[in-house]
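Q: For reference, the chains in residue letters:
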Amino acid sequence: MQRTLGTCYYPEHWPEAVWERDAARMAEAGLTWVRIGEFAWGRIEPAPGDLHWDWLDRAIGVLGQAGLKVVLGTPTATPPRWVVDKHPDMLAVDAEGRPRKFGSRRHYCFSHAGYQEECRRIVTLMADRYGRNPHVAAWQTDNEYGCHDTILSYSEAARGAFRDWLAQRYQSPDALNRAWGNVFWSMDYASFDDVDLPNLTVTEPNPSHALDFRRFSSDQVVRFNQVQAEIIRARSDAPIAHNYMGRVTDFDHFKVGDDLEIASWDSYPLGFLEDRVGADDAKKRHFARQGDPDFQAFHHDLYRAVGRGRWWVMEQQPGPVNWAPYNPAPLPGMVRLWSWEAFAHGAEAVCYFRWRQAPFAQEQMHAGLLRPDSADAPAMDEARQVAAEIAEAPEVQPAQAPVALIFDYDADWAWSVQPHGAGLSYFGLVLECYRALRRAGLSVDIIRPDAAQLAGYKAIFAPGLMHIPDDMKAALLASDAQVVLGPRAGARTRDMAIPDRLPPDLPGIDLKVTRVESMRPDMPVPLSGDGAVTGYLDEIEGVGETVLETEAGQPVAMRFGGLTYLAGWLDARGFDRLVSEIAGRAGVATHPMPEGVRIRDTGTERFWFNYNPHPVSVEAGELPPAGVIRQPR
Amino acid sequence: MQRTLGTCYYPEHWPEAVWERDAARMAEAGLTWVRIGEFAWGRIEPAPGDLHWDWLDRAIGVLGQAGLKVVLGTPTATPPRWVVDKHPDMLAVDAEGRPRKFGSRRHYCFSHAGYQEECRRIVTLMADRYGRNPHVAAWQTDNEYGCHDTILSYSEAARGAFRDWLAQRYQSPDALNRAWGNVFWSMDYASFDDVDLPNLTVTEPNPSHALDFRRFSSDQVVRFNQVQAEIIRARSDAPIAHNYMGRVTDFDHFKVGDDLEIASWDSYPLGFLEDRVGADDAKKRHFARQGDPDFQAFHHDLYRAVGRGRWWVMEQQPGPVNWAPYNPAPLPGMVRLWSWEAFAHGAEAVCYFRWRQAPFAQEQMHAGLLRPDSADAPAMDEARQVAAEIAEAPEVQPAQAPVALIFDYDADWAWSVQPHGAGLSYFGLVLECYRALRRAGLSVDIIRPDAAQLAGYKAIFAPGLMHIPDDMKAALLASDAQVVLGPRAGARTRDMAIPDRLPPDLPGIDLKVTRVESMRPDMPVPLSGDGAVTGYLDEIEGVGETVLETEAGQPVAMRFGGLTYLAGWLDARGFDRLVSEIAGRAGVATHPMPEGVRIRDTGTERFWFNYNPHPVSVEAGELPPAGVIRQPR
Amino acid sequence: MQRTLGTCYYPEHWPEAVWERDAARMAEAGLTWVRIGEFAWGRIEPAPGDLHWDWLDRAIGVLGQAGLKVVLGTPTATPPRWVVDKHPDMLAVDAEGRPRKFGSRRHYCFSHAGYQEECRRIVTLMADRYGRNPHVAAWQTDNEYGCHDTILSYSEAARGAFRDWLAQRYQSPDALNRAWGNVFWSMDYASFDDVDLPNLTVTEPNPSHALDFRRFSSDQVVRFNQVQAEIIRARSDAPIAHNYMGRVTDFDHFKVGDDLEIASWDSYPLGFLEDRVGADDAKKRHFARQGDPDFQAFHHDLYRAVGRGRWWVMEQQPGPVNWAPYNPAPLPGMVRLWSWEAFAHGAEAVCYFRWRQAPFAQEQMHAGLLRPDSADAPAMDEARQVAAEIAEAPEVQPAQAPVALIFDYDADWAWSVQPHGAGLSYFGLVLECYRALRRAGLSVDIIRPDAAQLAGYKAIFAPGLMHIPDDMKAALLASDAQVVLGPRAGARTRDMAIPDRLPPDLPGIDLKVTRVESMRPDMPVPLSGDGAVTGYLDEIEGVGETVLETEAGQPVAMRFGGLTYLAGWLDARGFDRLVSEIAGRAGVATHPMPEGVRIRDTGTERFWFNYNPHPVSVEAGELPPAGVIRQPR
Ligand SMILES: [Zn+2]
Ligand SMILES: [Zn+2]
Ligand SMILES: [Zn+2]
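Protein chains in written order, with our numbering: chain E, 1 to 633; chain U, 1 to 633; chain B, 1 to 633.
Simulated from the structure, these hints should not be mistaken for laboratory data. Here the structure is a predicted model, which is why all the values come from computation and not from measurement. The reader is advised that the hints may include incorrect statements.
One copy or two, it doesn't matter: identical chains are merged, so the pair holds either way.
Quick list of in silico lysine to aspartate or glutamate cross-link-like pairs, EDC-like style, CA-CA up to 20 Å [unchecked claim]:
id	residue 1	residue 2
1	K458	E156
2	K86	D196
3	K101	E156
4	K283	E117
5	K284	E96
6	K86	D164
7	K512	D94
8	K69	E619
9	K284	D237
10	K284	D128
11	K283	D258
12	K69	D601
13	K255	D193
14	K86	D471
15	K69	D259
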């Protein structure tokens with residue numbers, strides 16, 4: 001498949017007179033896709049049942065006539081005011097018990113039946129009207145599920161639905177009580193209708209309660225999305241996507257993705273560096289105008305898995321954004337670099353958000369390809385350059401990477417319910433592991449925690465898998481790959497209990513986690529040799545070969561044939577040692593990278609990226625700041 | 001007019017037997033004014049309609065007999081409990097949606113009609129009784145509007161009044177929708193009654209929505225105050241004041257001031273240094289017992305403008321206060337220095353808060369001129385010294401300063417709604433500019449953003465004016481002065497949109513802000529030469545002469561004849577360079593000041609102030625710690 | 001009395017089949033006590049009136065048959081869900097006005113009459129059944145009053161009860177108004193029913209209001225506990241205890257203790273170091289696996305006073321806990337050290353919490369003596385060693401210490417209502433003083449603020465006593481001991497007013513605090529000689545002998561015969577100087593301790609403890625890390 005570019009456009013924001021010129025400029029710039037419609041409910045249906053499709057018909061027509069393919073978004077992320085007036089209790093409720101008011105976006109609770117019905121209605125109407133429109137070449141459901149912390153709702157609607165979900169899962173209150181260990185503090189329930197949502201408790205709620213609420217909340221998103229996907233699929237042959245966000249882990253993207261053809265995500269490297277990467281100040285300064293060298297790549301690899309190979313960047317940062325604590329401009333060249341990093345990871349399309357900077361409302365400080373006065377913004381030239389480059393480039397050639405890294409949303413929830421040490425998170429652990437793999441010059445496939453995904457890899461890293469189902473344990477043990485598990489591997493049963501035989505409870509492996517501890521981040525435990533454990537350490541007993549140990553001789557990584565149990569959260573140097581060790585055993589060649597330089601291999605090319613604001617000399621040549629080298633393989 | 005001193009007194013706090021002795025001691029100390037009454041509603045009207053004026057009659061009599069002039073405060077900042085019982089919904093509601101309970105002060109919402117009526121009633125009764133009392137020589141409305149964050153209320157009353165205000169302003173919901181750009185996220189309203197207050201939205205509300213709520217909230221204060229002023233003015237010839245606070249910018253003080261004869265403010269240099277100046281720790285340590293060298297002066301100059309020349313310090317810190325995070329004692333001499341700094345800026349009166357330290361209730365740790373045991377507190381001697389000095393000093397001789405600095409409350413709200421970078425504020429920007437002017441030894445007039453105020457200045461600094469009305473643009477361009485605009489000058493239309501032709505959109509000036517960025521505070525962008533841009537930078541294109549530029553050659557200040565556009569937030573060194581450059585062009589002589597030393601010129605004298613805890617030698621002589629030199633001009 | 005060990009056990013968490021084996025292992029390990037029942041209400045009474053005592057009968061039987069003595073807890077800290085369904089308004093309400101939901105523990109308001117009645121009923125039933133059971137050798141009321149910030153409740157029930165309490169105390173609203181100084185801001189009340197709880201006020205509430213609410217809240221706990229104690233005492237001869245927490249000062253433990261035979265507390269040295277000691281990062285790192293060298297000792301001495309000599313550690317940390325920000329494992333030997341430190345301070349019993357780590361619910365990460373798989377956890381060997389050692393050791397021989405330190409809960413509330421400087425707390429001040437005494441090698445008796453407790457001491461330290469009743473003043477002045485008062489001694493009347501004659505208002509002592517100031521923690525005021533005042537300083541005038549003064553000559557400690565007034569909060573070096581000075585005058589020998597080493601004397605032995613992770617050589621011999629030396633006296 002040919003690589004393509006696109007942009008996000010809001011015809012409803014602009015006089016109809018400029019649509020044609022806009023469309024022509026998009027086409028001229030080499031763009032293929034134009035996403036529209038996802039916030040337009042208010043103009044489609046300004047009052048209940050008063051439908052205004054005409055303008056949207058014309059907008060799609062104008063864009064299509066210019067040769068552009070339309071991605072049509074369902075508008076359910078922004079219900080108009082009248083929908084809220086009709087269903088006042090559709091608003092989500094935050095963890096403090098406060099309804100989240102109308103006046104921005106995503107102001108709905110996934111569990112509200114009335115709002116679900118409104119969505120079914122408007123999506124059906126939209127799919128009926130545009131399902132066979134020749135210019136509508138793809139769909140997007142809703143917009144950025146989970147953005148602005150919108151998955152967990154503590155509303156009455158959510159409470160009722162949670163009780164139903166529990167009843168379905170446990171069948172009897174006693175089964176729930178046993179599963180959760182409610183005997184602990186006389187927390188037994190006599191009825192599912194006694195179960196409340198786990199917020200505002202006097203001290204922490206039962207972790208099983210909290211984890212089930214996380215699982216329920218994720219399932220509500222899956223169902224909400226599935227309804228839309230089914231309606232559209234019955235009426236259109238165009239593929240359906242959703243645009244996920246960076247580091248939103250509050251729902252299971254794999255399960256949502258199972259109902260869609262394409263995964264896509266919204267990539268804002270500079271905003272993310274400031275507000276969610278977790279970098280320290282020195283790193284934030286160094287990469288302020290380039291973004292983190294691994295964060296985007298991680299999500300590219302993650303969403304390639306979510307899309308089962310088909311994935312896009314639906315929104316690509318083109319300049320300063322408006323929403324981060326600080327909003328600098330990108331270094332010249334970075335918009336091109338970010339685009340090529342996406343293509344190197346197999347993206348089918350990269351769409352710049354947004355076409356023209358809006359002069360009004362919440363995102364008026366968000367750059368676009370055009371300035372508010374319609375002149376080209378700096379990103380436009382870089383987009384044109386990429387368009388020219390992909391026209392010459394070989395087609396997308398995905399290749400299985402030698403190394404797999406498992407990402408498990410359920411594990412993320414379990415860690416968030418019980419981090420054990422302040423600041424510890426599953427996402428953070430997996431990202432640290434991913435960084436080490438990238439520093440070693442390795443291309444990585446992120447895979448879901450599914451036995452069927454393991455084939456063909458030489459090494460499989462699976463840090464932090466709190467609960468491992470039996471079939472997954474069997475598959476990991478049966479794999480030919482070098483497999484790394486831990487810390488906290490199999491630490492919990494499905495119901496969030498410690499397994500009777502102690503973790504990791506792997507059949508045939510003589511290994512027990514007998515005690516765990518978390519430590520201050522300023523108290524690293526040095527490894528014998530180099531590197532350290534920081535923050536978290538499983539105390540293990542077993543008969544395997546010690547691969548890493550503390551200076552005091554406590555085992556930190558222990559090998560049982562192809563399986564290595566990692567007992568601690570390693571610092572960067574420690575992870576580098578582990579990756580080197582495992583890659584060596586797996587027969588995978590590593591290429592240690594200079595700081596800020598990264599590579600990625602496709603079936604046909606090796607890509608080199610320089611995230612530094614200074615030039616770097618590498619074996620493939622001279623990399624200027626923001627430089628990209630494409631090296632045939 | 002002769003300079004005067006005064007104090008704040010609460011006869012209701014003390015046995016009537018001590019009033020006479022207190023009055024005599026005030027007079028003996030050289031005080032002229034005594035402010036009373038502003039918290040006494042509960043003793044004036046302990047139950048609905050049960051009026052007890054007798055004690056207040058006697059108190060005023062005793063004070064007047066001693067030769068003191070009374071400033072009588074309306075008691076509306078502390079409605080008694082029964083008022084709240086009668087109007088339970090009169091309580092303001094905070095941004096979290098919680099009613100702010102009875103039990104301290106300022107427990108009312110400016111928009112509550114019932115409470116407005118109670119105020120009208122009690123103020124009328126008070127003005128009827130004391131409007132012609134010979135001892136009542138001035139009035140104060142309410143007390144410290146905005147203190148304790150009391151301007152923005154999210155109550156039902158505020159919501160209703162906001163809807164009325166919007167209907168008045170926009171006339172139709174569609175006009176509002178267009179003005180705000182509500183199409184952006186399907187936020188259109190079909191009726192004004194659909195508009196909610198902009199708190200607790202899922203993500204940020206529309207900035208136009210937020211800004212209009214700020215403007216509405218300010219207007220409510222103006223109306224509230226106006227009602228009282230009109231009642232008093234119809235019944236008394238004495239001038240009316242309000243006592244504003246330091247760094248409270250939530251309402252437009254100029255508009256409130258238009259209904260009053262005198263502006264006054266409550267100056268707490270040590271408390272403010274700790275809780276609102278924004279100083280770093282080193283500065284807080286250095287000036288812990290002296291206060292910031294510029295913060296009081298800034299407010300003196302600001303409130304001189306608010307009072308159209310007539311202004312007081314209504315409350316002057318006389319010793320440790322009770323309410324800051326840390327409450328040290330002033331360096332000996334500082335109470336005198338603070339008093340003289342006020343007089344140097346044209347104050348008619350300085351009143352020490354309070355006469356005697358209260359042994360009970362919220363401010364029992366707040367020093368007065370007397371200790372709780374009625375002995376003189378340390379400030380008393382300094383007050384006596386000032387009284388003796390002003391008796392010998394020339395009368396207040398205001399003189400127009402060579403340099404004006406514009407302060408615009410509306411700009412402050414726009415920045416607060418959309419700072420773009422964490423920690424950026426309009427007040428902070430203007431204060432930084434003011435500091436640089438003071439470091440250059442310049443006396444400054446702060447002026448309101450009004451074309452009529454510009455005459456007679458050699459230089460006019462107007463940083464950060466987010467919206468500039470057309471007539472103001474014309475006046476600035478027509479001025480003979482050196483005018484400095486930016487950053488963010490004219491960045492928004494009245495409705496908080498980006499202007500079509502891009503900012504600053506100045507007729508006849510070929511200059512555009514094509515992109516803006518905010519940066520981490522630890523990422524200064526060095527200027528070529530010396531100094532740096534920190535935090536905020538407009539990217540500009542224009543044909544003017546570059547006055548300052550970054551090391552990389554990006555213009556930071558650009559000159560078009562007498563107009564200089566400043567594109568970035570400068571650090572202290574950068575501002576010093578700009579001030580030096582502009583003063584040079586304007587023909588204004590500068591006198592670079594040693595750290596912590598400041599001067600201020602009146603028509604007759606140059607004042608030197610030493611805010612350091614160590615002596616400094618200056619051209620006018622030796623300044624001891626807390627030293628003041630008065631040098632004839 | 002012989003020293004004993006015990007553990008905390010939850011038969012309801014485990015299959016009945018393992019009870020017997022568990023009991024045998026407890027006995028074999030040398031344990032005497034087993035505490036049970038305190039969270040078991042849900043299994044005792046799963047539905048209203050449906051009582052299931054049989055399992056508890058059998059559990060007590062099995063334990064008793066094994067030779068163990070049972071401590072039976074009343075289950076009122078964990079009312080089952082049906083109790084909350086019956087009394088929905090029994091939930092406490094937090095300071096933000098939010099009900100604190102069911103789902104963990106301590107979900108009740110002490111003031112709720114309906115819940116009080118439920119407690120009376122279940123405790124009566126339990127005492128009826130087990131009051132004469134031969135195996136029930138002690139009782140525990142409820143569990144950890146005040147844990148999770150559960151003393152202050154802002155519920156309707158609390159509001160009503162507070163009004164009753166005020167009516168009882170003041171008899172008339174006018175008396176209350178006068179006592180509180182409500183005239184200050186027109187805060188007078190016409191009826192007790194006008195008084196609200198002091199949360200969510202616009203600015204701080206009246207400190208008298210806030211202090212009375214603290215006193216009321218404490219009294220509610222005393223009454224709640226008293227009811228249970230009286231029920232049990234009428235039905236059982238076994239002593240009654242409550243298990244207090246570390247640094248919970250929201251109620252008066254002395255008054256609760258007056259209704260009980262034994263004080264006990266729950267000692268978690270590593271958790272407390274992280275979450276409540278107030279240590280800086282360097283100290284947290286150094287003692288991360290050992291705990292603070294003074295914090296446990298302080299509580300041991302405090303609760304010895306609360307228990308009038310009889311006290312236990314009811315819960316002793318045996319390994320990593322689950323609830324602190326970071327949860328490291330103890331250094332080997334520390335469980336033994338902690339146990340011996342308790343015995344050195346006179347503990348009758350030390351019970352390890354808990355027997356077996358629970359695999360489920362909130363504390364599944366909390367270590368026990370057994371691992372979840374029932375194997376011995378590391379603490380088990382240390383417990384066995386202690387059991388062996390106490391078998392050989394002399395009996396508990398309490399001895400009055402030469403030095404007393406007064407701890408006054410009422411003073412703690414007054415400081416918390418009015419710290420005057422950020423971060424200042426009474427508890428912190430007293431602990432700093434205690435640390436200095438320990439650094440000087442002194443054994444200390446903590447005593448309640450009661451004239452009858454003063455006899456027999458050579459030195460009495462009473463820092464920070466905000467209010468001192470007249471009889472206490474007289475007793476302190478009459479004491480033969482060296483007495484240290486201040487800072488803030490007698491700073492307030494009972495009603496939280498400044499005394500007319502200024503503090504400390506001591507009959508016959510010519511000393512006045514004329515002004516007070518608080519200072520930034522980074523602004524120490526150096527003492528002449530060595531050490532500094534930090535954070536707080538009384539300015540004093542008096543005719544005593546200056547013992548300490550600032551470099552500038554301001555007196556910081558002033559002596560009047562045997563009385564020394566301390567005017568400032570001293571740093572460690574300053575406190576060391578003061579302790580040395582006072583001990584010298586009192587004729588008490590000091591033994592300056594190396595860092596992390598502490599001693600404690602009983603009637604028969606001197607104990608040496610090494611809290612360092614490295615060995616230290618002392619006069620008594622070589623102390624390894626976690627080392628204990630018992631030296632006969
Ligand atoms: Zn219509
Ligand atoms: Zn009356
Ligand atoms: Zn039953």
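Q: It remains to establish, for every hint, whether it holds in the given structure.
A: Results of checking the hints against the structure:
1. K458 to E156: neither (49 Å within a copy, 64 Å between copies)
2. K86 to D196: For K86 and D196, only the inter-copy Cα distance (15 Å) is at most 20 Å; the intra-copy one is 26 Å.
3. K101 to E156: both (15 Å within a copy, 15 Å between copies)
4. K283 to E117: neither (47 Å within a copy, 58 Å between copies)
5. K284 to E96: For K284 and E96, the Cα distance exceeds 20 Å both inside one copy (31 Å) and across copies (32 Å).
6. K86 to D164: Neither: 24 Å inside a copy, 23 Å across copies.
7. K512 to D94: Neither: 40 Å inside a chain and 42 Å across chains, both beyond 20 Å.
8. K69 to E619: neither (40 Å within a copy, 76 Å between copies)
9. K284 to D237: neither (44 Å within a copy, 62 Å between copies)
10. K284 to D128: neither (48 Å within a copy, 65 Å between copies)
11. K283 to D258: So K283 and D258 fail the 20 Å test inside a copy (36 Å) and across (51 Å) alike.
12. K69 to D601: Result: close neither inside a copy nor across copies, 29 Å intra and 70 Å inter.
13. K255 to D193: Intra 28 Å, inter 41 Å, cutoff 20 Å: neither.
14. K86 to D471: neither (47 Å within a copy, 46 Å between copies)
15. K69 to D259: Neither. Shortest intra-copy (22 Å) and inter-copy (61 Å) distances fail the 20 Å Cα cut-off.
When each numbered hint is compared with the structure, violations occur for hints 1, 4, 5, 6, 7, 8, 9, 10, 11, 12, 13, 14 and 15.
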